[in-house]
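**Student:** Given chain A, put chain B in place with the hints provided.
There are 2 protein chains.
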Amino acid sequence: MVTLKATGIVVEYNPFHNGHLHHVQEAKKRTGADVMIAVMSGNFLQRGEPAFVDKWTRAQMALQSGVDLVFELPYRFATANAPVFAKGAIEILDAAHCHAYCFGSEDGTIQPFLESMELIDQHRVSYEAAVKEAMSCGMSYPKALNEAYKHILEDAQKTDPPVDLTKPNNILGYHYMEAAKEIRSSMTPVTIPRIVAQYHDDAVAGNAIASATGIRKTFFTSGALEEVSGFLPEASERLLHKWQQEREAFGSWEYFYPSLRLIIIREGASRLTSIAEIVEGMENSIYKAALSNQTFSGFMEQVKSKRYTWTRIQRMITHILTGFTTSMREEIPHASYLRLLGMTANGRDYLNRTKKELKLPLVSKAASFKDPSLTADIRASDIYALAMTQDKGSATLGTDYLNRPHIL
Amino acid sequence: MVTLKATGIVVEYNPFHNGHLHHVQEAKKRTGADVMIAVMSGNFLQRGEPAFVDKWTRAQMALQSGVDLVFELPYRFATANAPVFAKGAIEILDAAHCHAYCFGSEDGTIQPFLESMELIDQHRVSYEAAVKEAMSCGMSYPKALNEAYKHILEDAQKTDPPVDLTKPNNILGYHYMEAAKEIRSSMTPVTIPRIVAQYHDDAVAGNAIASATGIRKTFFTSGALEEVSGFLPEASERLLHKWQQEREAFGSWEYFYPSLRLIIIREGASRLTSIAEIVEGMENSIYKAALSNQTFSGFMEQVKSKRYTWTRIQRMITHILTGFTTSMREEIPHASYLRLLGMTANGRDYLNRTKKELKLPLVSKAASFKDPSLTADIRASDIYALAMTQDKGSATLGTDYLNRPHIL
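Going down the list, the protein sequences come from chains A and B.
Number 278 in our numbering belongs to position 75 of the first sequence; there are no gaps in the numbering.
Number 285 in our numbering belongs to position 82 of the second sequence; there are no gaps in the numbering.
Worth double-checking, as some hints may not be accurate.
No distinction is drawn between identical chains; accordingly, a pair holds when it is met within one copy or between any pair of copies.
Said to hold, decoys possible - Using 20 Å as the maximum straight-line C-alpha spacing, the simulated PhoX-like pairs for lysine-lysine come out as follows:
#1 Lys573 with Lys491
#2 Lys335 with Lys346
#3 Lys491 with Lys568
#4 Lys361 with Lys562
#5 Lys559 with Lys208
#6 Lys509 with Lys491
Derived by calculation from the structure, the hints in this document are not laboratory data.
Only chain A is shown next, with the shape it has when bound in the complex:
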């Protein structure tokens, strides 16, 4: 049997837009891939937010726009900081037997990443000490990392860093490469430049590029999908329309806040301390803010602090909402399965051919696989479904448990 060459990408698709389409097409072309594999966040995302639409819908968008296989990045990794997020994603792509992985970056070429990695490797001890020190002074993780990186550049007497690690996509890319090195993956790293958002004129033509954040923001401001359709491939637009007809609302913290608030009040400050990422003292300010705020924006305004990034706080409340504790998190050191959310005929062909080379069990029927990480995924999906239908009580739960992958 001829081996098919697969390229992996790490995605959130919140929602899938023209920039994502471009990335899939470019990644495929540059790596000469036969098959495109995406590892995608589930219903809660890396910035600690509920997804705009659920993972099954987002997987369909991907399958209709050039992706052949979609695996779920487990909740534990999808909602974690950059190094852990990257580790889970790379473990899955490596287990799926990808030849290469491709990420968008501000830098856009791979050589500087390799140089930065080498530089940091040469100064590993002082680098890690500097990260630790910066964090003990109350710096957020991303800032501490950059502080340490700056120290190393100074030590090496470099004025220009090989890669600018203050840029968010460069940081993720760097962590993918570190994670791949850590597990001695044979995958080739490839990066392509991120496309800068274009103007609204292009949107009218239907092929404009805007960030997913920008698209959601425009939608939530106007309430009309028509306002953002210029930035979306046809499949995305159609699936978003279908979602809107069926559910009335899209996922957001504003919409989920009544559910979050109920849970915070019921838990009380002291029980919140068992939740993952809750650091001392935050349980009190989160509890007090929930007591006195009827809106999510008011809540965050009161909770936010200089000490923790907005994203970090959102990750805390994500774990509160889903009931994800520190001890649950500790039970999940590595990605432990390939949860298939969907595949094309081409993807299925790939799986049939590489079955024996997959390094982790392939899960297409979640009900028949027991794993603490999968339990967390399923619970997060159920909570998402309940919060989406909070006023109707109509959520059919257990569907995530029973759902089978989309086959295109």
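**Tutor:** What follows is chain B alone, placed relative to chain A:
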């Protein structure tokens, strides 16, 4: 200063109806009371249900219909079985310096209660052994109590029991008297016969009597307060209309079910085991039923079992909803404060005169009193408020904490 004579009553007022009005008036007359003191369940009731309207509204109904002082029966006692419910209520009435307490009963005279108590006291050891044995055979508490009572009657060769303890109001009355004896209260027990529900013809005349359960059922079936107004004093009717205008919905498990379901799914079966009253195995059936049922009736249909009464199961889910654990419950052995929900001028006068004789601290500003039982009351009130406004996110929490008693 002349001492005022107070009579205590134990109430739920869910909602306050003509039968309650009759009871207040009769109790006052028969005991020659200057002041009527009600100890009233808060937002969750003895059958393990959310109240039809909140405790502040129900306290107002009472104050406008002959009650002078309303104290809250703390959550821990209000949602417990008959002996514990009775104990908390009697401790509060005794602490409020009542001369007498008066309860409605099927029997209607006090002598048979005294005889039953004496009988059980004489056979205390075999009685308690029989209760224990019956419960170990899987019998519910009320049934076990009756089984033990039957044994004693047989031993004493009595064919007619002094009091029929299969009747719900007789049972409560018996427990009030046991609780009063336990704390050596000097209060005089008085009972008056319960009035049997009348026909609808009387309702039209505006002074018919129906049970609170019947009134709620009729309302929930028709959705119209007009259908039940014949059973309600004018004050109750007016306050229910006001509530309806402001809140749209009335408290019920059907309405609270989406909130309950969210919490059950988030907790997962294993964490439910820490909740008060959850007995082994129930955590699994409750979790499974929540997963697969979109309505409360479907949920209960699946959860109900021969082993546990409907009421018992409802108490379990009440504690799940409010997050009330076994260890919280153990921290509250006795009533520890008199939480004032409202008073008339007459009630205020009484408090001024008896201030020094009150056996528990009088709490009219909850914010300035720290107590684990009060914490549970406040949390239960907040959860009730959130579940009542689940789809609007408009609950102003912390109001229970800050609320001051109604003064009429």
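**Student:** Now tell me if each hint is right for this structure.
**Tutor:** Outcome of the hint check:
| no. | hint | in the structure |
| --- | --- | --- |
| 1 | Lys573 with Lys491 | between (37 Å within a copy, 17 Å between copies) |
| 2 | Lys335 with Lys346 | within (11 Å within a copy, 64 Å between copies) |
| 3 | Lys491 with Lys568 | between (42 Å within a copy, 19 Å between copies) |
| 4 | Lys361 with Lys562 | neither (40 Å within a copy, 78 Å between copies) |
| 5 | Lys559 with Lys208 | within (15 Å within a copy, 87 Å between copies) |
| 6 | Lys509 with Lys491 | within (18 Å within a copy, 43 Å between copies) |
Hint 4 from the earlier list is the only one contradicted by this structure; the remaining hints agree with it.
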